[in-house]
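For this one, chain Z is given, so just place chain B on it according to the hints.
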Amino acid sequence: DGGITQSPKYLFRKEGQNVTLSCEQNLNHDAMYWYRQDPGQGLRLIYYSQIVNDFQKGDIAEGYSVSREKKESFPLTVTSAQKNPTAFYLCASSKGRGGYRSAFGAGTRLSVL
Amino acid sequence: DQQVKQNSPSLSVQEGRISILNCDYTNSMFDYFLWYKKYPAEGPTFLISISSIKDKNEDGRFTVFLNKSAKHLSLHIVPSQPGDSAVYFCAASGGGGGADGLTFGKGTHLIIQP
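Protein chains in written order, with our numbering: chain Z, 1 to 113; chain B, 114 to 227.
If you are wondering where the hints come from, they were derived from the structure by calculation, not from laboratory data.
Honestly, I wouldn't trust all of these hints.
[Unchecked claim] Here chain B is said to cover these stretches of chain Z; the calculated rule only asks that three of the stretch's residues, wherever they fall, bring their Cβ under 8 Å from a Cβ of chain B:
{"#": "1", "stretch": "40–54"}
{"#": "2", "stretch": "103–109"}
[Claimed, not checked] Pairs of lysine to aspartate or glutamate, EDC-like flavour, derived with a Cα cap of 20 Å:
{"#": "3", "chain 1": "Z", "residue 1": "Lys-71", "chain 2": "Z", "residue 2": "Asp-30"}
{"#": "4", "chain 1": "B", "residue 1": "Lys-118", "chain 2": "Z", "residue 2": "Asp-38"}
{"#": "5", "chain 1": "Z", "residue 1": "Lys-57", "chain 2": "B", "residue 2": "Asp-114"}
{"#": "6", "chain 1": "B", "residue 1": "Lys-118", "chain 2": "Z", "residue 2": "Asp-59"}
{"#": "7", "chain 1": "Z", "residue 1": "Lys-95", "chain 2": "B", "residue 2": "Asp-144"}
{"#": "8", "chain 1": "Z", "residue 1": "Lys-9", "chain 2": "B", "residue 2": "Glu-155"}
By construction, the Cβ of each residue, glycine as well, lies at the ideal position given by its N, Cα and C atoms.
Here chain Z stands alone, though its shape is the one from the complex (with noise of 0.2 Å):
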C-alpha cells in the first residue's frame, strides 16, 4: 500500500540538542511538505520541496533545516535555534505543486524534556 511514513511517533529533545524527523514517501510524489500543529491551532507550513535537491522555507521556517537528497525523503532537523518545539509535526506529499490533495503521514509528536 501507498503512504507517508513518519518516524518517530513520539520523540523527546533535551536542552540544546538538534532532533531529526524522518519522513519517507512510496507515492511517487514529487511534493513534499512539513507542517506542524499546536494545540487548538491549524497546520502551519514549515518547509517544503517541489523536486528533488531543492527546498523552500515556509511560514515558519526559523529554527527547522531539510533537505530532499532523494524523492522518497524528506527529513526535518528541529535544530536548538528552535525555543518552542512542543508540538505535533505533520509531513505531507502531493503530486504536483500546490498541495493539490496532499496526503499526510501520521505525525510525530515532539516534546521537550
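Structure of chain B alone, referenced to chain Z:
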C-alpha cells in the same frame, strides 16, 4: 493575518441530521479548496475538494459549496454519523507569492450526538 478562517471551534449535531461546517478566506488568489478530517494524534485525511471554477462538488454524504463573491465555503454532511466526530480543517491552495503548500484554518471540532 489569517487567510483561512473557521470561526466555529466546535459544533454539536444530532446523529442523522445535517452538519454544516463553514470556512471564510481573504486571499482572492486561492484557486483550490480542500476539506480534511483529523482524529487526535493522527494525520489529516483528505475528504473533498473544489476548484474555484465550480460552486459545488458532491461525494456521497459530503458536499462542498463555494461562494467566491463572499469568499466563503461550506461542507455539508448528510446524514451525520457517529464516525463523523472529528476535527475538520478547511484548506486553500494557490495563494500567490510563489509559495507552495496549503493554508489551513484552525479547524472545527464536530461532535455527533447519538
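Hint check results:
1. Coverage of the stretch 40–54 of chain Z by chain B holds [criterion: at least 3 residues with CB-CB distance below 8 Å; count 8].
2. Counting residues of the stretch 103–109 of chain Z whose CB lies closer than 8 Å to any CB of chain B gives 6, so the stated coverage by that chain holds, three being the minimum.
3. The suggested pairing of Lys-71 (chain Z) with Asp-30 (chain Z) holds, with an alpha-carbon distance near 7 Å, which does not exceed 20 Å.
4. Pair hint Lys-118 (chain B) plus Asp-38 (chain Z) holds up; C-alpha atoms about 16 Å apart against a cutoff of 20 Å.
5. Among the hinted pairs, Lys-57 (chain Z) with Asp-114 (chain B) is consistent with the structure: their alpha-carbon atoms are about 18 Å apart, no more than 20 Å.
6. A C-alpha spacing of about 17 Å is found between Lys-118 (chain B) and Asp-59 (chain Z), which places the hinted pair at or below 20 Å, so the restraint holds.
7. At most 20 Å may separate the alpha-carbon atoms for a hinted pair to count; Lys-95 (chain Z) and Asp-144 (chain B) meet this at roughly 17 Å.
8. Between Lys-9 (chain Z) and Glu-155 (chain B) the CA atoms are separated by roughly 10 Å; this keeps the pair inside 20 Å, and the hint holds.
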